[in-house]
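Place chain F on chain H using the hints.
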Amino acid sequence: MPDPLMVLKALAVAVFASALVGAVGGRLSKGRPSGWAWSLAIGAGSYLGLAILEIRPRWPMREDQHRLLGLVLPAILLIEAVGSAIRPPRWLVVMERLAASLAVAPVILYGSIYVADLAGPGSAEWSPAMRWLIFAGLGLALFGVWSGMVWIERRSSFGVGTPLTLAMTIAGAGPTVMLSGYASGGLIGLVLAGAIVGAAATAAWASGDARGAAAGVGVGVVGLFSMLAIGFFFGRLRADAAIVLFLSPLAAAIAEAPLPFRLNRKGRTAAGLTLVACVVGLVVAFAAWRFAADAGIG
Amino acid sequence: MRVSAMKAGLWAAAVVLGCGITARAAEGYKVDPDHSSVTFKIEHSGISWIHGRFNDVAGEFSVDEANPPASSFALTMKTGSVDTANKKRDEHLASPDFFNAKQFPVLSFKSTSVKKTDNGLEVTGDLTLHGETKPVTFLLRGGKTAEFPKGTKRVGYTTHFKLKRSDFGMHTGMEFLGDDVYIEISFQGVKS
Numbered sequence: 001m002p003d004p005l006m007v008l009k010a011l012a013v014a015v016f017a018s019a020l021v022g023a024v025g026g027r028l029s030k031g032r033p034s035g036w037a038w039s040l041a042i043g044a045g046s047y048l049g050l051a052i053l054e055i056r057p058r059w060p061m062r063e064d065q066h067r068l069l070g071l072v073l074p075a076i077l078l079i080e081a082v083g084s085a086i087r088p089p090r091w092l093v094v095m096e097r098l099a100a101s102l103a104v105a106p107v108i109l110y111g112s113i114y115v116a117d118l119a120g121p122g123s124a125e126w127s128p129a130m131r132w133l134i135f136a137g138l139g140l141a142l143f144g145v146w147s148g149m150v151w152i153e154r155r156s157s158f159g160v161g162t163p164l165t166l167a168m169t170i171a172g173a174g175p176t177v178m179l180s181g182y183a184s185g186g187l188i189g190l191v192l193a194g195a196i197v198g199a200a201a202t203a204a205w206a207s208g209d210a211r212g213a214a215a216g217v218g219v220g221v222v223g224l225f226s227m228l229a230i231g232f233f234f235g236r237l238r239a240d241a242a243i244v245l246f247l248s249p250l251a252a253a254i255a256e257a258p259l260p261f262r263l264n265r266k267g268r269t270a271a272g273l274t275l276v277a278c279v280v281g282l283v284v285a286f287a288a289w290r291f292a293a294d295a296g297i298g
Numbered sequence: 001m002r003v004s005a006m007k008a009g010l011w012a013a014a015v016v017l018g019c020g021i022t023a024r025a026a027e028g029y030k031v032d033p034d035h036s037s038v039t040f041k042i043e044h045s046g047i048s049w050i051h052g053r054f055n056d057v058a059g060e061f062s063v064d065e066a067n068p069p070a071s072s073f074a075l076t077m078k079t080g081s082v083d084t085a086n087k088k089r090d091e092h093l094a095s096p097d098f099f100n101a102k103q104f105p106v107l108s109f110k111s112t113s114v115k116k117t118d119n120g121l122e123v124t125g126d127l128t129l130h131g132e133t134k135p136v137t138f139l140l141r142g143g144k145t146a147e148f149p150k151g152t153k154r155v156g157y158t159t160h161f162k163l164k165r166s167d168f169g170m171h172t173g174m175e176f177l178g179d180d181v182y183i184e185i186s187f188q189g190v191k192s
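Chains H and F, in that order, give the protein sequences. According to this note's numbering, the first sequence holds residues 1 to 298 in order. According to this note's numbering, the second sequence holds residues 1 to 192 in order.
Excised from the complex, chain H in its bound form:
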């Protein structure tokens, strides 16, 4: 298991670096952090925090983790930053989101036993037809949750609540993946969550305005999906835990729905965060209990 002090140090660096870069970016964009500032902040926080833990993409990118850190995360940060800067038409944003969603799983699973004949001819676990079906299913699931979170973020008048919801879920996915026998995979989640919190904190502190928070949503959803994918396909993360964690941020929508009693924007955000925290907390607690039971502890 990783040294807890190093993990705390990495988390602190991720939060601080992200907040600092977000603040500078916000100043450059006239006091209100925009999408590119969010992307830059989350990227800086994540990679600096992971460097503390000596987790970094390596070349050639033979492993899932290297492809996640060397291709998927930079690509989504770039897409969100560029999208925020040039403000493309909405249909193009949706198409871009769909294309990115469909690309994540094939990149993460590239060259693995699922798709490649690594143990002799015909040894790939999925046939060509099956793999494209699975990739399409995973891509559409990611696109669906991503679109759902963007919808929640637009409805929420306190926009940093949505990235915070995702950060909380990723923070919960981290230990769950670690308990599934993939320690370094889980650490990526903890650091990414810290970086999102740093960027969100700066945005909230700067003006309370969440302009650009959609970038945090995109990075958060893709980051969560990727974490769960590496945990499930390369570690031993259970399918039920992965599915519940992936869908749990959508629980925040309940707080945004028309309710018989009125909540102010902070109340709605708090209610959404609480709902998601309950679901994530249950999954983490169950994973810890199962780990202890399997290991014969307690």
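It is worth saying that the hints were derived from the structure and are not from the lab. Quick caveat: nothing in here was measured; it's all calculated off a predicted structure. The beta-carbon is built from N, C-alpha and C at its ideal position, and this holds for glycine as well. Hints may be right or wrong, so weigh each one.
Unchecked claim - So, partial list: chain F residues that the calculated Cβ filter (under 10 Å) puts toward chain H: (1) G46; (2) N86; (3) K87; (4) P96; (5) K102; (6) G173.
Just chain F, lined up with the frame of chain H:
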């Protein structure tokens, strides 16, 4: 024309027979997984050793006693079959923190040269582990033959060597697990 056709036929027959004689000189064997084992040990916290093995071993080799450099050895192990008598630890070892069995399911060795020495065969070859291929050299002792069951000729060899896991890109847990891994391989081959 007829004479040269006959000559060509004779040459062809001689070549085929010659090849047959050469093939008989080098004996081919298939590794018997039931009577072979690949075990390893690694230091934990600098105070004691953890022992493990790979349960899924396969391979083939050919031994040419008259011409040892013509011998060859190839062994493969499934990384997902790692067994240290602790299920949670084995799952962790198979994960991307160590072997990454879903990305690198096979650990393989293929000889590139074989030399006869006073103590046995000095075998050099390429070891592929965790996606990295590095040359390794070890002394292969044995070569004794037996018939088991009756009518089945088999030959056995043993070797041991040390490697650094960091050379193969396996860096996780350096603070509590040693870098040096001591490997012992003992295998029998059944004449194929």
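Checked hints:
no.: 1; hint: G46; result: 16 Å, violated
no.: 2; hint: N86; result: 9 Å, holds
no.: 3; hint: K87; result: 7 Å, holds
no.: 4; hint: P96; result: 5 Å, holds
no.: 5; hint: K102; result: 5 Å, holds
no.: 6; hint: G173; result: 8 Å, holds
Hint 1 from the earlier list is the only one contradicted by this structure; the remaining hints agree with it.
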